[in-house]
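A.B. asks: The chain contents come next:
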Amino acid sequence: MRSALAALFVREVKIAGRIGGGATVGLVFFLILVTIVPFGIGPERQLLARIGPSILWIAALLATLLGLDRLFQADDEDGSLDLLMTSEVPLEILVAVKCCAHWIMTGLPLVLASPFFGALLAIEPPGLAGVGLSLLIGTPALTFLGAIGAALLVSLRRGGLLMAVLILPFTIPVLIFGVATASDLSGPEGPGFQPLMVLAALTLIAAVTGTFAAAAALRVLLR
Amino acid sequence: MLVYANPANFLRLVERLLPAVTLLTLVLFGLGLGLVFFVAPADYQQGDTVRIMFIHVPAAWMALFIYGVMAVAALGTLVWRHPLADAAQKAAAPLGAGFTLICLATGSLWGKPMWGTWWVWDARLTSVFVLFLIYLGLIALWQTIEEFGLAARAAAILTLVGVVNLPIIKFSVDWWNTLHQPASVFRLGGPMIDASMLWPLLVMAFAFTSLFITLHIMAIRNEILRRRLRRLSLRVANQAELPSFGKAAAQ
Amino acid sequence: MSDPHFGFILAAYLLAALIILAMIAAVWTDYRRLRLALERLRPDAGSDEPDGRE
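Protein chains in written order, with this note's numbering: chain A, 294 to 516; chain B, -3 to 247; chain C, 17 to 70.
No wet-lab data here; the hints were simulated from the structure.
Wrong hints could be hidden among the right ones.
[What the hints assert, rightly or not] If you want a taste of the chain B side facing chain A, the calculated C-beta under 8 Å gives, among others:
no., residue
1, Thr113
2, Val116
3, Ile130
4, Ile153
C-beta atoms are modelled at their ideal positions from N, C-alpha and C, and glycine is treated no differently.
Only chain A is shown next, with the shape it has when bound in the complex (with noise of 0.2 Å):
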């Protein structure tokens, strides 16, 4: 079973590193979505250090879910989701190696560019530390829950905006405890670290609520 989840691994990293795999395509939406706040907001430096973090927190959260029905839109489309779902190994864990596969991809780079786009917010650097592990933790619960809004709408195309509309509010929590963990890390009395325990719990849970909840809807709506 070990090599047929590293192969599906390397397979979806291949295929998220190609052109219109998506990978660059989140960093650069993150990028711009974080360029149109001063625009939108105003320059003022302190303003802007002020809600940089929750900047970051909702931008990433924004490209991570919009990026998200690819997940296995082209597996369906392509017919290799019907071959993996009729394999041995459990769905569940199958869904788990694409959910890491994807945030690898997607989420892991939007972690580290978020220090250069928090630079651009006038965030400090204590700040631009905080943000970047409150991201670090936070994202893989978007990449876990937005998996499930893929898998719910798989057979649905264009259905990327009804994906979002879906999982945000789930995704609310993570977004609260996020921006939490990023104030509490910087603060200036030093970190309390009880936001991130929380972030870290809101992940575990959606590490497993998402591949089971994922898995169960494609088993259900690819009957």
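With chain A's structure known, arrange chains B and C on it following the hints.
C.D. replies: Here is chains B and C on its own, set in the frame of chain A:
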């Protein structure tokens, strides 16, 4: 329960039940509003404004209750494949959204004079707002997926994932320090509220529940009729006469 | 009622009534449209057909 899996049987049941529950709803509302305005006293702190509570709280209870009904229907769709479960799910979503909206709006109108603000993002209000968004998402899902059975299964999974929100709503006032007040009725020690206010509250809650039951069975009936209409329309379209080119050409 | 917040109380009850009436109206008009459409297709289709396969 299984005998009502046959939609025709369910329609007959609705015909029998509907006058009774409609009457019950009207009686309960009449009784409830009478109690609210003539029996319940003005609060010593809030004055008459407390009477908003008799709409806000039952609406909140309905928002949660309807989601529970939808979740049970979702299980019916996924686990038991009960044919009526799909219709029950779909019919419940707009009603749930409606009662949640009443809860949020009346809460806001109560909050401004009493607590000084139209809205605050505390745990209780945020989680109820999230519930409202989930209802809207489900309605959007039902509108977007054309095939009824597919939509029902997708909605069922999303509904069950969202069930986690219900305990969060219920216990949010205990777990976090919120502007919204803690539980005064459904608590371990029993209701903390005086009988002169508890009874109008309970009667209004029953009135709202009766209203939901009335509207829900009517809406389920609509879904059954809609499917029947769809099938008949398809059948009529298939049987439509084709232009008789063949006959003309043969002459 | 001479309560200073009378406007809020009135608004709350009116808004609730409005939303409830809107829900009732939506369900009721949907029913009427469906009945009319079924009547048009087949005069006896509106009543209870003993079809088990829906």
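A.B. asks: If a hint holds in the structure, say so; if it doesn't, say that too.
C.D. replies: Status of the hints after comparison with the structure:
1. Thr113: 19 Å, violated
2. Val116: 14 Å, violated
3. Ile130: 5 Å, holds
4. Ile153: The hint holds - B/Ile153 has a Cβ within 8 Å of chain A, the shortest such distance being about 5 Å.
The structure fails to meet hints 1 and 2 from the earlier list, while all remaining hints are met.
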